[in-house]
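Chain order of the listed sequences is A and B.
If you number the first sequence the way our numbering does, the last residue is 346 and the count never jumps.
If you number the second sequence the way our numbering does, the last residue is 1346 and the count never jumps.
It should be emphasised that the hints constitute simulated quantities derived from the structure, not laboratory data.
Errors might be hidden in some of the hints.
Stated by the list, open to error - Label-pair restraints from in silico Cβ distances:
1. 1063/B <-> 25/A: 15 to 25 Å
2. 270/A <-> 1134/B: 51 to 61 Å
3. 132/A <-> 1062/B: 25 to 35 Å
Note that the Cβ used here is the ideal one computed from N, Cα and C, for glycine as well.
There are 2 protein chains.
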Amino acid sequence: MSGTSDDTPRATLAEVARTAGVSVSTVSKVLNGRPGVSAETRTEIEELLDRRHYNRRNSPRPIAPLIDILCYEVDSAWAVEAISGVERIARQQAMGVVVSGTNDRHAADPAWLEGVLNRNPLGVISLISTLPTEQIKQLRARNIPLVTMDAGDSPDSSGRGDVPSIGSADFSGGYAATKHLLDLGHRTIGMITGPSDLMVSTARVAGFRAAVETAGLSVDPDLIRPGEFHHADGLAQGHLLLTRENRPTAIFAGSDVQALGVYEAARALRIGIPDQLSVVGYDDLPLAPWTAPPLTTIRVPLAEMSKEATRLLRALRDDPNLTVPRIEVATSLVVRESTASIDLDP
Amino acid sequence: MSGTSDDTPRATLAEVARTAGVSVSTVSKVLNGRPGVSAETRTEIEELLDRRHYNRRNSPRPIAPLIDILCYEVDSAWAVEAISGVERIARQQAMGVVVSGTNDRHAADPAWLEGVLNRNPLGVISLISTLPTEQIKQLRARNIPLVTMDAGDSPDSSGRGDVPSIGSADFSGGYAATKHLLDLGHRTIGMITGPSDLMVSTARVAGFRAAVETAGLSVDPDLIRPGEFHHADGLAQGHLLLTRENRPTAIFAGSDVQALGVYEAARALRIGIPDQLSVVGYDDLPLAPWTAPPLTTIRVPLAEMSKEATRLLRALRDDPNLTVPRIEVATSLVVRESTASIDLDP
Chain A
1 MSGTSDDTPR ATLAEVARTA GVSVSTVSKV LNGRPGVSAE TRTEIEELLD
51 RRHYNRRNSP RPIAPLIDIL CYEVDSAWAV EAISGVERIA RQQAMGVVVS
101 GTNDRHAADP AWLEGVLNRN PLGVISLIST LPTEQIKQLR ARNIPLVTMD
151 AGDSPDSSGR GDVPSIGSAD FSGGYAATKH LLDLGHRTIG MITGPSDLMV
201 STARVAGFRA AVETAGLSVD PDLIRPGEFH HADGLAQGHL LLTRENRPTA
251 IFAGSDVQAL GVYEAARALR IGIPDQLSVV GYDDLPLAPW TAPPLTTIRV
301 PLAEMSKEAT RLLRALRDDP NLTVPRIEVA TSLVVRESTA SIDLDP
Chain B
1001 MSGTSDDTPR ATLAEVARTA GVSVSTVSKV LNGRPGVSAE TRTEIEELLD
1051 RRHYNRRNSP RPIAPLIDIL CYEVDSAWAV EAISGVERIA RQQAMGVVVS
1101 GTNDRHAADP AWLEGVLNRN PLGVISLIST LPTEQIKQLR ARNIPLVTMD
1151 AGDSPDSSGR GDVPSIGSAD FSGGYAATKH LLDLGHRTIG MITGPSDLMV
1201 STARVAGFRA AVETAGLSVD PDLIRPGEFH HADGLAQGHL LLTRENRPTA
1251 IFAGSDVQAL GVYEAARALR IGIPDQLSVV GYDDLPLAPW TAPPLTTIRV
1301 PLAEMSKEAT RLLRALRDDP NLTVPRIEVA TSLVVRESTA SIDLDP
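Sequences and hints are given; from them, build the entire structure.
Listed below in structure tokens is the structure:
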């Protein structure tokens, strides 16, 4: 029985093909990152090549002057800012940016992966929370660096810990937004979160809780409402919060777009902002100052994050073994006109 | 003297290089669309090759499964919708989308063009108004199809007429928006236009004028204000319109984003929408129903236009001599809550 120790003789292409039960041409496709091989077969052959110490040629394929961005929703206001940030940097470096969407927050289309392997870009920036380990391995086998940008990792996959990520200080952001409302005198504060399987949501909720508790108050779990980062969630959860008994005088929304949903819920109930309700958003998208009233929000420095992600791809190409800690850039509170103080003793 | 008639002997690569005073390797780069040749030299050699009937090999380079999109502003809400429309179609066809911005509404970066020639995509969809003739010729020499999508052509370059374009019915859109306001009883209607060098603006203004005149009224040129399609222009021009004597009771903005600028101008002057002012936008972006009040606007079917543009690229690859008339898709009025009737005899 042949072991996997270092003195196993190196396999030829034909031997690998025979062992895998495929043609030599299929093995060659996998080796050269060409399309036309199913993901399963590709993985199987990659593993076999690793196990049999196949001597990959030392002349790697040329790197295309492209950066791939993978998004969950290409047209979300958040993705747009990230894409245009990366595009600006890439253009300065005479590189193109390939933008792809996926319908699944936790995986890319197999056809997308095949395209990436085939075009061999400088690297991949993923705006979706995770890629399946299988897809990560296939990129790695081709030395194509992968960096995730918030959307953020699932809290429970942080143990995986081997995909470099660029994030922003979500805990601090949640804390700053909430402290701002507390400082204005609000005591009943609602929060609408992002999806609970995203680290960014979890960290912001933790910041909210920490601020409330630091102020010597207790957190009413009914005031924390879950939602996607969508307008419809801000509208629905905003309506629920604003029609409950002892309704909140302030709402901290998970995104600027959600905050606009809260605006609509308040408008339908004839609750004035900021006189009767303060609202804080999250992201500071270009539309935040255009809302009526202009939105107080937490600024996420997406341009800076995009720059950092691009820089990191290049560093990883130069040294694939580079160990990158998670990089977090600072968030900041931007006060506009959607928040106001309330009288503590009416 | 050697003529350009059909019996001119076909040149060899070396002869072309000698005539142009460059190396054979430079000519070869031009022939194969590889980078490293200045735009001027490339053009000169292309022309020489054409004149000398250089026999291009009949085995063309493979077409990369990519579509290039060129935008003026990658993060404009309009561009985002177009990009995500093309991306959805491209993904169904297992193609990637390369997104590039330019700082010039009338030209692409030379580095961009070089990248496109190098990667040989299915084709280019341009969201900027025009490309210089030189850049168009270089794409054509490589058989890379180019389709423009509104942004629209400059009115005065329509004579060029040889780049296929996909547009929407801007004249009808301008007419429908204005007629809606006239039907509600408005008689003093302001209009904020797009840039005057874009056909889309010109056509919408023409629609506005036609509707006003059809109603038996005359057009007050002071009520037609120029602007970019930006929030800042809606705010500035909206303010001017709303502070003039005999202020308009309705404003037709050139874009949804401009309309939000008008909202802000009205809010600052404490003019209520729709009670004291009706506002109509243009585009029907996702944010239109989220505004306060939800915006009445003209819907531009960007998804349909993106689909059409992608289809056209493929058709042009199959038959580069295909003659394509300009394609216009229909626009439609979407009535929400920013428009209301006024009392004609107060």
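Okay, the hints, checked on the actual structure:
Judged by the Cβ atoms, the range 15 to 25 Å given for residue 1063/B and residue 25/A holds: they are separated by roughly 22 Å. Checked against the hint of 51 to 61 Å, the pair residue 270/A and residue 1134/B passes, with Cβ atoms roughly 60 Å apart. In this structure, residue 132/A and residue 1062/B meet the distance hint of 25 to 35 Å, their C-beta atoms being roughly 29 Å apart.
Going through the hint list in order, the structure satisfies each hint without exception.
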